[in-house]
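There are 2 protein chains.
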Amino acid sequence: MQTQTINPSATEQMIQMVLNSWTNQNKAVISFFNKYNDDAYLNEVAPGRNRAIYLLGHLTATNDSLLPLLGLGDKLYPELETPFQINADDKKPVKQTVAELKQYWEKVNATLTEGFAKMLSHDWLERHTRVSAEDFALDPSRNKLTVLLGRTSHQSYHLGQLNFLKADLKA
Amino acid sequence: MQTQTINPSATEQMIQMVLNSWTNQNKAVISFFNKYNDDAYLNEVAPGRNRAIYLLGHLTATNDSLLPLLGLGDKLYPELETPFQINADDKKPVKQTVAELKQYWEKVNATLTEGFAKMLSHDWLERHTRVSAEDFALDPSRNKLTVLLGRTSHQSYHLGQLNFLKADLKA
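Going down the list, the protein sequences come from chains A and B.
Using the numbering used here, read the first sequence as starting at 3 and increasing by one per residue.
Using the numbering used here, read the second sequence as starting at 3 and increasing by one per residue.
Simulated from the structure, these hints should not be mistaken for laboratory data.
Take the hints with a grain of salt, since some may be wrong.
[Stated by the list, open to error] Heads up, incomplete: computed chain A residues facing chain B, CB under 7 Å, no partners named:
#, residue
1, Gln15
2, Met16
3, Ser23
4, Ala42
5, Asn45
6, Phe138
7, Thr148
8, Leu161
9, Gly162
[What the hints assert, rightly or not] Listed below are the simulated DMTMM-like cross-link pairs for lysine to aspartate or glutamate, each with C-alpha atoms no more than 20 Å apart in a straight line:
#, chain 1, residue 1, chain 2, residue 2
10, B, Lys168, A, Glu46
11, A, Lys97, A, Glu108
12, A, Lys168, B, Asp91
13, A, Lys77, A, Glu102
14, B, Lys168, A, Asp91
15, A, Lys168, B, Glu46
16, B, Lys109, B, Asp40
Glycine residues also receive a C-beta, built at the ideal position from the N, C-alpha and C atoms.
Produce the entire structure from the sequences given, and follow the hints as far as they go.
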């Protein structure tokens with residue numbers, strides 16, 4: 003890519019586009035979980051695959067882990083890590099209801115949005131909290147922007163799967 | 003977001019992160035289609051859902067349409083639009099083989115990569131070719147970067163679905 007002089011505001015615009023992309027995926031996830039009666043989400047999204055409620059817990063736990071990873075604070079719901087990130091879907095009753103997980107999802111994303119608003123453009127190019135200064139010097143792409151782009155793709159990935167759910171219990 | 007003075011190279015770094023994210027998704031798609039015997043991709047990814055070969059055609063046609071949309075040239079395979087973008091999967095034999103579609107996929111992405119290498123950072127914040135100057139003035143987020151971010155999410159979305167394919171015919 004060629005070098006050029008560019009207005010500093012271009013960097014802010016670019017961050018805004020990435021944040022828009024993130025927010026759009028967040029909205030698509032919650033729209034999906036507002037579409038049917040809560041019971042519908044207890045079903046597997048396809049035969050033998052994860053239940054929709056598991057994927058909601060998984061996505062919530064994953065976004066929650068962004069708070070410490072981006073240096074924005076502690077996890078809000080650390081209890082979600084074991085059942086939804088470390089363990090695979092065991093198909094047993096989930097401790098949280100769909101309604102509770104939806105609340106957690108909204109709370110986590112609202113907290114992230116607040117944190118993002120306080121970040122300066124160049125903060126996004128700084129290392130995330132799980133890479134050492136030494137490793138970051140070797141690979142500066144291990145920054146906060148890369149983390150957010152990865153998590154945005156992660157949401158899209160599971161959203162594609164969620165949309166396979168066959169449900170006829172309209173909310 | 004607060005304003006700050008920032009090195010122009012920050013914009014180039016940001017673009018590079020977005021392009022890395024795009025490239026990672028491209029690689030994940032082709033890795034998936036290199037995993038099994040070609041015949042496996044003639045199956046539906048889940049009961050009653052799209053066949054994997056259809057999704058390969060769909061992703062290829064979608065990426066091909068980026069060439070005109072980003073002002074990088076004409077589509078390479080316009081014949082893919084009707085069967086894989088306009089029409090849903092009709093479950094009839096596909097005209098192209100999996101091997102052919104994989105070649106098209108690689109050719110389209112290589113051509114896009116060449117085009118991206120010639121773009122300056124600020125080109126990404128310019129309007130894409132399907133939005134008018136008037137509409138763009140009202141909503142500057144309708145730029146080329148937003149298009150690429152959207153298509154990256156699109157790839158992740160279908161990749162999540164592709165990974166549901168049950169196949170035991172290792173390549």
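Structure-based check of all given hints:
1. Gln15: holds, 6 Å
2. Met16: holds, 5 Å
3. Ser23: At 4 Å from the nearest chain B Cβ, Ser23 (chain A) passes the 7 Å test, so the hint holds.
4. Ala42: violated, 17 Å
5. Asn45: violated, 13 Å
6. Phe138: Cβ of Phe138 (chain A) sits 13 Å from chain B, so the hint is violated.
7. Thr148: holds, 5 Å
8. Leu161: Holds: closest Cβ of chain B sits about 6 Å from Leu161 (chain A), inside 7 Å.
9. Gly162: Constraint on Gly162 (chain A) satisfied, holds at 4 Å.
10. B:Lys168 <-> A:Glu46: The given pair, whose Cα atoms are some 16 Å apart, holds under the 20 Å limit.
11. A:Lys97 <-> A:Glu108: At roughly 18 Å apart (the allowed maximum being 20 Å), Glu108 (chain A) and Lys97 (chain A) satisfy the hint.
12. A:Lys168 <-> B:Asp91: holds, 18 Å
13. A:Lys77 <-> A:Glu102: holds, 16 Å
14. B:Lys168 <-> A:Asp91: Cα-Cα ~18 Å, so holds.
15. A:Lys168 <-> B:Glu46: holds, 16 Å
16. B:Lys109 <-> B:Asp40: Answer holds: Lys109 (chain B) to Asp40 (chain B) is near 19 Å, not above 20 Å.
Hint compliance for this structure: hints 4, 5, 6 are broken, all remaining hints hold.
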